[in-house]
Amino acid sequence: MSDVLAITEHRQGELRDVSSELVTVGSELAAQQGGALHLGIIGGDVDAFADELSLEGVETIHTVDHGDEFNHDVYTQATAQLFGAVEPSTLLLPNSVNGLDYAPAVASTLDIPLVTDAIGISRDGGLEVTREMYGSKVETTVAVDADVAAVSVRPAEWEPTTDAGDPSIESFDADIDEDAVKSTVTGFEAVAGGDVDISEADFLISIGRGIEEEDNLPLIKDLVEATDATLSSSRPIVDNGWLPKNRQVGQSGKVVTPDVYLAIGISGAVQHVAGMKGSDTIVAINTDPNAPIMDLADYAIVDDLFDVVPALTDALE
Amino acid sequence: MKILVTVKEVAEAEDDFDIAGLDIDERYLEFDLNEWDEYAIEEAVQIKEDGDDVEVVSVTIGPERAEETIRMGLAKGVDRAIRVWDDAFEDAGMLDPKTKADLLSAVVEAEEPDLVLTGVQAGDDSFGATGVTLAESIDFEWGAVVNALDLDADAGVASVHRELEGGIEELTDIELPAVLTIQTGINEPRYASLRGIRQAQSKPLDLHELDDIGLDDEALESPLSRTAMYEPESEGDATVFEGSAEETATELASLLRDVGVVEG
Ligand SMILES: Cc1cc2nc3c(=O)[nH]c(=O)nc-3n(C[C@H](O)[C@H](O)[C@H](O)COP(=O)(O)OP(=O)(O)OC[C@H]3O[C@@H](n4cnc5c(N)ncnc54)[C@H](O)[C@@H]3O)c2cc1C
Numbered sequence: 013m014s015d016v017l018a019i020t021e022h023r024q025g026e027l028r029d030v031s032s033e034l035v036t037v038g039s040e041l042a043a044q045q046g047g048a049l050h051l052g053i054i055g056g057d058v059d060a061f062a063d064e065l066s067l068e069g070v071e072t073i074h075t076v077d078h079g080d081e082f083n084h085d086v087y088t089q090a091t092a093q094l095f096g097a098v099e100p101s102t103l104l105l106p107n108s109v110n111g112l113d114y115a116p117a118v119a120s121t122l123d124i125p126l127v128t129d130a131i132g133i134s135r136d137g138g139l140e141v142t143r144e145m146y147g148s149k150v151e152t153t154v155a156v157d158a159d160v161a162a163v164s165v166r167p168a169e170w171e172p173t174t175d176a177g178d179p180s181i182e183s184f185d186a187d188i189d190e191d192a193v194k195s196t197v198t199g200f201e202a203v204a205g206g207d208v209d210i211s212e213a214d215f216l217i218s219i220g221r222g223i224e225e226e227d228n229l230p231l232i233k234d235l236v237e238a239t240d241a242t243l244s245s246s247r248p249i250v251d252n253g254w255l256p257k258n259r260q261v262g263q264s265g266k267v268v269t270p271d272v273y274l275a276i277g278i279s280g281a282v283q284h285v286a287g288m289k290g291s292d293t294i295v296a297i298n299t300d301p302n303a304p305i306m307d308l309a310d311y312a313i314v315d316d317l318f319d320v321v322p323a324l325t326d327a328l329e
Numbered sequence: 209m210k211i212l213v214t215v216k217e218v219a220e221a222e223d224d225f226d227i228a229g230l231d232i233d234e235r236y237l238e239f240d241l242n243e244w245d246e247y248a249i250e251e252a253v254q255i256k257e258d259g260d261d262v263e264v265v266s267v268t269i270g271p272e273r274a275e276e277t278i279r280m281g282l283a284k285g286v287d288r289a290i291r292v293w294d295d296a297f298e299d300a301g302m303l304d305p306k307t308k309a310d311l312l313s314a315v316v317e318a319e320e321p322d323l324v325l326t327g328v329q330a331g332d333d334s335f336g337a338t339g340v341t342l343a344e345s346i347d348f349e350w351g352a353v354v355n356a357l358d359l360d361a362d363a364g365v366a367s368v369h370r371e372l373e374g375g376i377e378e379l380t381d382i383e384l385p386a387v388l389t390i391q392t393g394i395n396e397p398r399y400a401s402l403r404g405i406r407q408a409q410s411k412p413l414d415l416h417e418l419d420d421i422g423l424d425d426e427a428l429e430s431p432l433s434r435t436a437m438y439e440p441e442s443e444g445d446a447t448v449f450e451g452s453a454e455e456t457a458t459e460l461a462s463l464l465r466d467v468g469v470v471e472g
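For the protein sequence lines, the chains are A and B, in the order given. Counted the way the numbering used here counts, the first sequence spans residues 13 to 329. Counted the way the numbering used here counts, the second sequence spans residues 209 to 472.
Treat the hints as calculated values from the structure; they're not laboratory data. Keep in mind that the hints are not guaranteed to be accurate.
What the hints assert, rightly or not - The list that follows gives simulated cross-link-like pairs (lysine to aspartate or glutamate, EDC-like), each with its CA atoms no further than 20 Å apart:
hint : chain 1 : residue 1 : chain 2 : residue 2
1    : A       : Lys149    : B       : Asp226
2    : A       : Lys149    : B       : Glu238
3    : A       : Lys149    : B       : Asp322
4    : A       : Lys194    : B       : Glu383
5    : A       : Lys289    : B       : Asp224
6    : A       : Lys194    : B       : Asp322
7    : A       : Lys149    : A       : Asp178
8    : A       : Lys149    : A       : Asp315
9    : A       : Lys149    : B       : Glu443
10   : A       : Lys149    : B       : Glu234
11   : A       : Lys233    : B       : Glu471
12   : B       : Lys411    : B       : Glu234
13   : A       : Lys194    : B       : Glu238
14   : A       : Lys149    : B       : Asp445
15   : A       : Lys149    : B       : Asp231
16   : A       : Lys149    : B       : Glu441
17   : A       : Lys289    : B       : Glu441
18   : A       : Lys233    : A       : Asp316
19   : A       : Lys149    : B       : Glu471
20   : A       : Lys257    : B       : Asp240
21   : A       : Lys149    : B       : Glu383
22   : A       : Lys149    : B       : Asp233
23   : A       : Lys149    : B       : Glu243
24   : B       : Lys411    : B       : Glu257
25   : A       : Lys149    : B       : Asp224
26   : A       : Lys149    : B       : Asp261
Hey, can you work out the whole structure from these sequences and the hints?
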């Protein structure tokens, strides 16, 4: 009853990074709880995945050989059964898009509390989870008054574990009720192709909701022209249909690593940052000195983009 | 066919704010319709417009203040609205996804919708869990982070795209009745017309207290409680250019030249 069970993630034949990050947070937590870390691998090439995840800090890997890809009904059932067998005090799940699709169902089936999108977890007596609110402007701690709980973990928040370990690998025979599987994954589709590949650019000028209206876009396009940069954006600009999908930077868009990423009127939400934090030099223009993007920026101008951008275009022409 | 849309009024913090106790001081909060719910409302209204005999009902857990936001939904084409609130909420702790799902389950039981649309997450606390928790509680099928929806009501199937990471979408068929959590960008939310706003004033907006939905104070007990809120320590060490727009722009221009991404 002091163990940790973490469920890993894979897609189209590959483990997702969050899996080895879960090993890091899971083994830290297991040590605090005085228990062991168990990993669950559900579906896909479970033996190959188990080999890859034989990492330091993992005591046991449970493989559930059922299906190739993620299906939330299968994952919910298999996770609940693994939970019953391992009897952990904390269940860790990824706060990925697929995590959003089954973590709440698992917690609800097991009737245990769920705290999502953790950026910190500790158990000193009770379980305490750190998470953000108000678009990353504040952090909060949430105390969980229960012996057993589920926590979903923010991807890319913990370092991955890379050192090899020697866990025992056990095949777990989950009893999946196929009648309760009422959703079918029929395929995958890659979106966001097209004329430009923003991930190839050396200099990205990226625009966010601070631009306010589509009619203001020429202001940015003038700057892009003057600098020979490539134009990209945060999600709302694409959602609004002002720029095509292939211009979107972030979790559900492109991951970019230019020499310079100039973020104009972008707050720096976690899903945006996921796509640009690897840029060499990050520059932010934002009226809000506390915007989360400022934590990432190497250079910043705290001012109105409608004043700074035309001045910058002038200075560069 | 009946569609239930969950609608939350969310708080947004101003640039400068103070924290009072466990939350941002209300003076620095602005309240608005949750961005994701705006897309869920639009999706429901479009299904109504494309089909015959579709009713769209919205449900909001929120204080009286939320009625203005609820009326926005009515003005955009929602037929009627339910607001769940009770004096007991004033002293309640954290409304976690499970607590909200219990409240919403009671409404689902009374309304018997074929489809429930929620937003992927609320912009303020970003739990992203209420919709799927609700689905599991009421024994509906579900799909999270849906950015395309093709409904075949006769066959009882929703064919959806789920937006995964890295520009990949998963194509999934989901049996109805179902809860779908709607992602931004799935449609183009309309602005309310003047006529819509006028009509909204006379559309039903019913208050349901705990008693009315067969629950009592116990429904508000949650194992989760917020114990602290603080501004994260800035990890940044940005060089901030100071001065007028012309001055800062000049400094940035020479930086860009130094780095070598612009010529000159
Ligand atoms: C599952 C999921 C996936 C997502 N995927 C992505 C993704 O791939 N990419 C992405 O970007 N987002 C993504 N998001 C959305 C993300 O959570 C944010 O909503 C989004 O990134 C916000 O965009 P923004 O910074 O442009 O807007 P906001 O957060 O509204 O920020 C606007 C900024 O502009 C500043 N500003 C306003 N006016 C001015 C002015 N005149 N001058 C200067 N500054 C000004 C403000 O201070 C603010 O900081 C995703 C969300 C979810 C739930």
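Cross-check of the supplied hints:
1. The suggested pairing of Lys149 (chain A) with Asp226 (chain B) holds, with an alpha-carbon distance near 11 Å, which does not exceed 20 Å.
2. With a C-alpha separation of about 14 Å, the suggested pair Lys149 (chain A) and Glu238 (chain B) falls inside the 20 Å cut-off, and the hint holds.
3. At most 20 Å may separate the alpha-carbon atoms for a hinted pair to count; Lys149 (chain A) and Asp322 (chain B) exceed this at roughly 38 Å.
4. With a C-alpha separation of about 6 Å, the suggested pairing of Lys194 (chain A) with Glu383 (chain B) holds against the 20 Å cut-off.
5. For the hint linking Lys289 (chain A) to Asp224 (chain B), the alpha-carbon distance of about 25 Å lies beyond 20 Å, and the restraint is violated.
6. Distance check on the hinted pair: Lys194 (chain A) and Asp322 (chain B) sit about 15 Å apart at the alpha-carbon level, within 20 Å; holds.
7. Among the hinted pairs, Lys149 (chain A) with Asp178 (chain A) is inconsistent with the structure: their alpha-carbon atoms are about 41 Å apart, more than 20 Å.
8. For the hint linking Lys149 (chain A) to Asp315 (chain A), the alpha-carbon distance of about 19 Å falls within 20 Å, and the restraint holds.
9. Taking the CA atoms of Lys149 (chain A) and Glu443 (chain B), the gap is near 13 Å; set against the 20 Å cutoff, the hint holds.
10. Taken as a hint, the Lys149 (chain A) and Glu234 (chain B) pair is honoured in the structure, with Cα atoms around 15 Å apart against an allowance of 20 Å.
11. The straight-line distance between the Cα atoms of Lys233 (chain A) and Glu471 (chain B) is roughly 18 Å, inside the 20 Å bound, and the hint therefore holds.
12. Proximity of Lys411 (chain B) to Glu234 (chain B) is assessed by CA-CA distance (about 30 Å); at most 20 Å being required, the pair is judged violated.
13. For the hint linking Lys194 (chain A) to Glu238 (chain B), the alpha-carbon distance of about 40 Å lies beyond 20 Å, and the restraint is violated.
14. Between Lys149 (chain A) and Asp445 (chain B) the alpha-carbon distance is near 17 Å, which keeps this suggested pair within the 20 Å criterion.
15. A threshold of 20 Å between alpha carbons decides the hint, and for Lys149 (chain A) with Asp231 (chain B) the separation of about 12 Å falls inside it, so the pair holds.
16. Annotation: proposed proximity of Lys149 (chain A) to Glu441 (chain B) holds, straight-line Cα distance about 11 Å (limit 20 Å).
17. The hinted pair formed by Lys289 (chain A) and Glu441 (chain B) meets the criterion: a straight-line CA distance of about 18 Å does not exceed 20 Å.
18. About 17 Å separates the Cα atoms of Lys233 (chain A) and Asp316 (chain A), which keeps this hinted pair within 20 Å; it holds.
19. Of the pairs offered as hints, the one joining Lys149 (chain A) and Glu471 (chain B) is violated, with about 37 Å between alpha carbons and a cut-off of 20 Å exceeded.
20. Of the supplied pair hints, the one linking Lys257 (chain A) and Asp240 (chain B) is violated, its CA atoms being roughly 27 Å apart against a limit of 20 Å.
21. Under the criterion of a C-alpha separation no larger than 20 Å, the hint pairing Lys149 (chain A) with Glu383 (chain B) is inconsistent with the structure, at around 39 Å.
22. Restraint check: the Cα-Cα separation between Lys149 (chain A) and Asp233 (chain B) comes to about 14 Å, which is no more than 20 Å; the hinted pair holds.
23. Between the alpha carbons of Lys149 (chain A) and Glu243 (chain B) the distance comes to roughly 17 Å, so the proposed pair stays at or under 20 Å and holds.
24. A distance of roughly 18 Å separates the Cα atoms of Lys411 (chain B) and Glu257 (chain B); the hinted pair therefore holds under the 20 Å criterion.
25. Between Lys149 (chain A) and Asp224 (chain B) the CA atoms are separated by roughly 10 Å; this keeps the pair inside 20 Å, and the hint holds.
26. The hinted pair formed by Lys149 (chain A) and Asp261 (chain B) fails the criterion: a straight-line CA distance of about 44 Å is larger than 20 Å.
The structure is inconsistent with the numbered hints 3, 5, 7, 12, 13, 19, 20, 21, 26, although it conforms to all the rest.
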